[in-house]
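S.K.: Residues per chain, in single letters:
Number of protein chains: 2
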Amino acid sequence: MALRVRKSKVSEPPPVCPLTACMKLLGGAWTPNVVWYLRGEPRRFGELRGDIGRISAKVLSARLRQLQASGVVVRNAVAGSPPSFEYELSELGRELVPAIAAIVAVGEKLKRRAVTRPAKAR
Amino acid sequence: MALRVRKSKVSEPPPVCPLTACMKLLGGAWTPNVVWYLRGEPRRFGELRGDIGRISAKVLSARLRQLQASGVVVRNAVAGSPPSFEYELSELGRELVPAIAAIVAVGEKLKRRAVTRPAKAR
DNA sequence: GATTGTGGTATCCGATCGGTAACTGTCCCC
DNA sequence: GGGGACAGTTACCGATCGGATACCACAATC
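Residue numbers (the working numbering), protein chains in the order written: chain A, -10 to 111; chain B, -10 to 111.
FYI, nobody ran anything at the bench for these hints, they're computed from the structure.
Each hint should be verified, as a subset may be incorrect.
Pairs involving identical chains hold if they fit within one copy or between any two copies, as the list cannot separate such chains.
[To be verified] Below, in silico cross-link-like pairs of lysine-lysine (PhoX-like), each with a Cα-Cα straight-line distance of 20 Å or less:
hint, residue 1, residue 2
1, 98, 13
2, 13, 100
3, 47, 98
4, 100, 47
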C-alpha cells in the first residue's frame, strides 16, 4: 500500500514532468473506468465490481485506494447494520470526467475514420 | 428497504468498453509526452528524443509506431540528402491535446488542493 | 573503403502490473 | 451455531512493460 516510487537504476533527479505525474492519476488498468462509473451517483464496492465487469477485486481495491489518495475519490461510510461504504468522485474528480470523455471522443473518431479511411500504408 | 439495493446500473452497459480501448491510445509510458511534444511543429526522431529527455529509443520508436497505427501521428519523409522523417499529429491527434491538457489541469488542481485542503478524515 | 551521423530495430533482463485464488471478519438468516 | 453474502486484503504467479545495450541501414564525408 506504500506508494511505489519509480526507482530507476540511473538514479536520475526527478524530471518533474507534469504530464507524467498527472497521467498517473489515470494510469492504472481500470482507472478511467472506475472514474467513469462513479460519475453518477455514489457506488459501493460490489456495485462497482458489477458495473465494470471483469475487474478483479484486488485491482478495484487498489484503484479505489489510489484514487482516494490522490483526492479524486472519497469514501463514505454508510451507517447501517452491515456497515458499508460508498465511493464517489470529489469535486475535482468530477472535472476529470469531461477530460476522459474527450479522449474517448477522439478515440471514437479515430476508430470511425480508420474504417472509412483505411490509410493503412505502412 | 433494509439495504439500498441499487441494481440500476449507470444505464451504460458498454459492449466493448470504449474507455479501455481508447485509453490504449495514451496508455504507454511516454505516450502523452510524445503527443505533447508534437503539438507544435513536426519533429524528427532525434529531436523528440532530446525533447522528452529520458525516453529510450526503443520506447520512443514503439510509441511512434503505435501512434501511427492508431492514426494519431503521421510520419512524413523529408526529402533531402540524408533522408529523414518528421512526425506530426494528425488532425484527430491534435484533438487529443486539449484532452491531455484537461487532465493535467485537474492534476494540478488536485495537487494544489491537497496542499491547501487536507483530505478530510474518513 | 572506412568513418560518422541519423534513424531506427532486436535482444536481453529485471521491475511492475494485473489476475486468480485463498483468506479474514462481520452481519444476516435459517 | 453454521452457512452464505459482503467488503475487502494478501500471497503468489505469469504476462507485460520499459530500460540499456548492441546492432543494422544508408548517405555523405574523409
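S.K.: Against this structure, judge whether each hint is valid.
M.R.: We went through each hint and held it up to the structure:
| no. | hint | in the structure |
| --- | --- | --- |
| 1 | 98 x 13 | between (25 Å within a copy, 14 Å between copies) |
| 2 | 13 x 100 | between (25 Å within a copy, 12 Å between copies) |
| 3 | 47 x 98 | neither (33 Å within a copy, 28 Å between copies) |
| 4 | 100 x 47 | neither (31 Å within a copy, 26 Å between copies) |
Violated hints, in rising order: 3 and 4; the structure is consistent with all others.
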